[in-house]
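Throw the hints in and build the complete structure from the sequences for me.
There are 2 protein chains.
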Amino acid sequence: MRILAKDLKSAAEKGEKNAVLSGWIHRIRELGAVSFIVLRDRSGLVQLVLDAKCDLTLESVITVRGEAALNEKAPGGAELRVTEIRCLSGAAPDLPFQVNGDVSRTGLEAVLDRRPLSLRNPAVRAIFRVQSTIIEAFSAYLRENDFTEIKTSKLVSGGTEGGTNLFSVDYFDRKVYLAQSPQCYKQMLVASGLERVFEVAQAYRAEKHDTPRHLNEYVSLDVEMGFIESEKELIELEKGILARVFEEVARKNSGDLELWAKNGASVPKPEAVFNAPVIPYEEALGIANEESAKKKGARIFDINPDAERYICEWALRERGVDLAFVNEFPRRHRPFYAYPLDSVRTMTFDALFRGIEITSGGRRQHDYNAQLEALPRFGVKPESMEDYLSIFKYGCPPHGGFAIGLERLTAKILGLANVKEASLFPRDRRRVTP
Amino acid sequence: MRILAKDLKSAAEKGEKNAVLSGWIHRIRELGAVSFIVLRDRSGLVQLVLDAKCDLTLESVITVRGEAALNEKAPGGAELRVTEIRCLSGAAPDLPFQVNGDVSRTGLEAVLDRRPLSLRNPAVRAIFRVQSTIIEAFSAYLRENDFTEIKTSKLVSGGTEGGTNLFSVDYFDRKVYLAQSPQCYKQMLVASGLERVFEVAQAYRAEKHDTPRHLNEYVSLDVEMGFIESEKELIELEKGILARVFEEVARKNSGDLELWAKNGASVPKPEAVFNAPVIPYEEALGIANEESAKKKGARIFDINPDAERYICEWALRERGVDLAFVNEFPRRHRPFYAYPLDSVRTMTFDALFRGIEITSGGRRQHDYNAQLEALPRFGVKPESMEDYLSIFKYGCPPHGGFAIGLERLTAKILGLANVKEASLFPRDRRRVTP
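Sequences listed follow chains V and S, in order.
In short: position in the first sequence from 1, add 32, done, that's the numbering used here.
In short: position in the second sequence from 1, add 32, done, that's the numbering used here.
Since the hints were derived computationally from the structure, they do not count as laboratory data.
Mixed in with the good hints there might be a few duds.
The list makes no distinction among identical chains, and a pair is therefore deemed to hold if it is satisfied within one copy or across any two copies.
To be verified - 25 Å max Cα-Cα, derived DMTMM-like pairs, lysine to aspartate or glutamate:
| id | residue 1 | residue 2 |
| --- | --- | --- |
| 1 | K264 | D399 |
| 2 | K413 | D145 |
| 3 | K46 | E99 |
| 4 | K38 | E176 |
| 5 | K207 | D145 |
| 6 | K38 | E265 |
| 7 | K413 | D126 |
| 8 | K38 | D178 |
| 9 | K413 | D374 |
| 10 | K328 | D354 |
| 11 | K328 | E314 |
| 12 | K294 | E345 |
| 13 | K49 | E261 |
| 14 | K41 | D178 |
| 15 | K38 | E261 |
| 16 | K85 | E104 |
| 17 | K41 | E176 |
All values derive from a computational prediction rather than experimental measurement.
Right, here's the structure in full:
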């Protein structure tokens, strides 16, 4: 019966003479007639001691049998003294990527070009173990709060943001588009009486620019909730989600965080999340300008990437947490569906984490007549929005929602420089494989 | 503070004089000077008693305040005697769909055309509450078994099934395709050392036929697992998943199942799932033909939809469960990557539930040379599969996997006649809205 690398020490403590391990050959070191093999499995690395030369190649998959023995010098405090070795799958010797190397010394393009192999690197793999925990914690927290998970179509006849930046799909004899966001569907489902919904799914933006913060296909953690008064309840909900996410990552992925320690990988304490400031837009702009002035930076007229960085630095210094919520964005910066706070401001917000926007959201206009009236001022023809408007025509509660970018949140937790590193198979303007 | 419909009775028992409820006006009945309003919220229906005429329209969203009172005749055993009523969102009077009607009397096309409103019908909404539980139980069971959740790209440069039935996407200056399945990525991630992965995501098939069992966009519950000997371990894993799914649906969705009781909505007992037969292909064909002969049906040469139905009927009669696994499919019926059992048969399987295939899967070829050799026999050029083949070139454990169609499983639990009913926003050859 196979055991995992992480369980070898306890097998050794029990005096197990016949332990079986399976995995990949991560490293081989020959010392005279003895070979020390580092074996990699899904739980980690473990040392095998073989009284012979090892004629297998790195990355070959093997099953070994032997005596589990304590050894303080071995990683994990134990090693397997091999009595039997069987190769399940030999690796070709021309390995085009150094799996057991320091991936931070390899260029991003090489890491992405060689994805099938770079994903074998323990640090790279760790990124996606953290990501899996984020999805789990996000979903669990919302379910506990009576949210229903939904799966909406990604093939739509138009965009919520007005038809720009859409990828078109040849759908039988017509064109449809890849959804930029499930927002319209989330709103429909709140109005359907589910009231509280969430979705974890791909979203698409046909933006041509290539920056360390953008992906053309990303995973959106979407939330929508009925019977709210303002964006403040959404901010509270997001704090609850993030606190849970950080708590679970700290609990389940401590080893994964360690692998990125030199990048500053860490999660805020859950208590700190609830201390994160909620700053009205004008005030946030003031803070950004003060911070910028201190550093002799340029004047800031908008919550741009520089402002996001400054506001987070301020929050860390003043509140002890690298997280801030900016709310009450002016109408001119928000889409037509943003709910007005007054004639100038809206009940909207962004969440900024470690210098980058990870969330945009807010209360939505739910009043049919008010929406109908507002549309022309945004250059949107009401006729083109008939399906959307029908949500509000037949009774829709006050509601709002937001979305968290999964890759951005992952990247910021681990200290990754580029959001593409936090996508298993990132898509950008040039990259569509593997 | 708002309470939910389901909690009104306990509020009444506590003598609550000032309860607040919010929701949609589901039904209004006037009896002299008194109005009986059925209010619908995310938890269910509840009766409001108003000492006045109600001048609000059906589907308007209201907040009411009043005394919670026990009343055996009211649904749920309690009612709210309203002292204050506030309309949050009035519904237009021209409601184009009868939300409070019997949806089974409405044609499928009307239900789908009027999706924003038909989703308000409690029975329709129930479908998606069940679906949410299926996703939750599937994910939880796999996480407990050390699986990592993955999110892979849906934009691919080719199809795993050889390039037919693909939707093409205009991706900047080139064509890419919507992924039919994450299989290639799942295999890559097993080989990366994650060993055990799952994904819940949309999959796309550009098939032109329109049947009650097909969708052009569906949600695939995908699983892939390393270090297996044969498809039998996958069948055991799927039994564990299904048993958990059925257990959780029974526990969390009993009310939802009741709403579809007349369609025979129910879930098998978890114990029964483990009793489901595993029938080798040739034997399954024999069973199908015996059943067909009994009913003077046609001779069956393949596990076609008729055979699927017959085999399930047999399993229900002989084993007490409407679930069967057929394994050892002949090579000619399976794709090039199916792992051979011998020269004729493969280590593959289908799961049949209540007369329909809900899963296809099997062990995959993991040997680079064997795969390279097999490809031309299937008319596939090895040059076109370079990325795929690279998975096996550098050490890949024996592995396999399967996918469960979410909509099919949902439809079969609830007794829905058409799989489209189990998709929030189904896409078929003609339907791309809402």
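Taking the hints in turn, this is what the structure says about them:
1. In this assembly of identical chains, K264 and D399 lie within 25 Å of each other by CA distance solely inside one copy; the values are 19 Å within and 56 Å between copies.
2. With identical chains, the CA atoms of K413 and D145 are at most 25 Å apart between copies only, with a shortest distance of 22 Å across copies and 44 Å within one.
3. Only within a single protomer do K46 and E99 lie at most 25 Å apart by alpha-carbon distance; the minimum there is 11 Å, versus 65 Å between protomers.
4. Within a single copy, K38 and E176 get their C-alpha atoms only as close as 32 Å, which misses the 25 Å cut-off; across copies the closest is 17 Å, which meets it.
5. For the identical chains of this complex, K207 and D145 are inter-copy neighbours only, at 19 Å across copies versus 31 Å inside a copy, given an alpha-carbon limit of 25 Å.
6. For a Cα distance limit of 25 Å, the shortest separation of K38 from E265 across copies, 23 Å, qualifies, whereas the shortest one inside one copy, 42 Å, does not.
7. Taking the shortest alpha-carbon separations for K413 and D126, only the inter-copy value of 22 Å comes in at or below 25 Å, while the best intra-copy value is 59 Å.
8. Taking the shortest alpha-carbon separations for K38 and D178, only the inter-copy value of 13 Å comes in at or below 25 Å, while the best intra-copy value is 36 Å.
9. Taking the closest pair of Cα atoms, K413 and D374 come within 25 Å of each other only inside a single copy of the chain (24 Å); across copies the shortest separation is 64 Å, beyond that limit.
10. In this assembly of identical chains, the alpha carbons of K328 and D354 lie at most 25 Å apart only when taken from the same copy (22 Å versus 73 Å across copies).
11. For a Cα distance limit of 25 Å, the shortest separation of K328 from E314 inside one copy, 20 Å, qualifies, whereas the shortest one across copies, 79 Å, does not.
12. Proximity of K294 to E345 under the C-alpha cut-off of 25 Å is restricted to the intra-copy arrangement: shortest distance 20 Å within a copy versus 60 Å between copies.
13. Taking the closest pair of Cα atoms, K49 and E261 come within 25 Å of each other only across two copies (24 Å); inside a single copy the shortest separation is 65 Å, beyond that limit.
14. For a Cα distance limit of 25 Å, the shortest separation of K41 from D178 across copies, 19 Å, qualifies, whereas the shortest one inside one copy, 42 Å, does not.
15. With identical chains, the CA atoms of K38 and E261 are at most 25 Å apart between copies only, with a shortest distance of 23 Å across copies and 49 Å within one.
16. Taking the shortest Cα distances, K85 and E104 sit within 25 Å of each other inside one copy (24 Å), while across copies they are farther apart (82 Å).
17. Taking the closest pair of Cα atoms, K41 and E176 come within 25 Å of each other only across two copies (22 Å); inside a single copy the shortest separation is 37 Å, beyond that limit.
Checked against the numbered hints given earlier, the structure satisfies every one of them.
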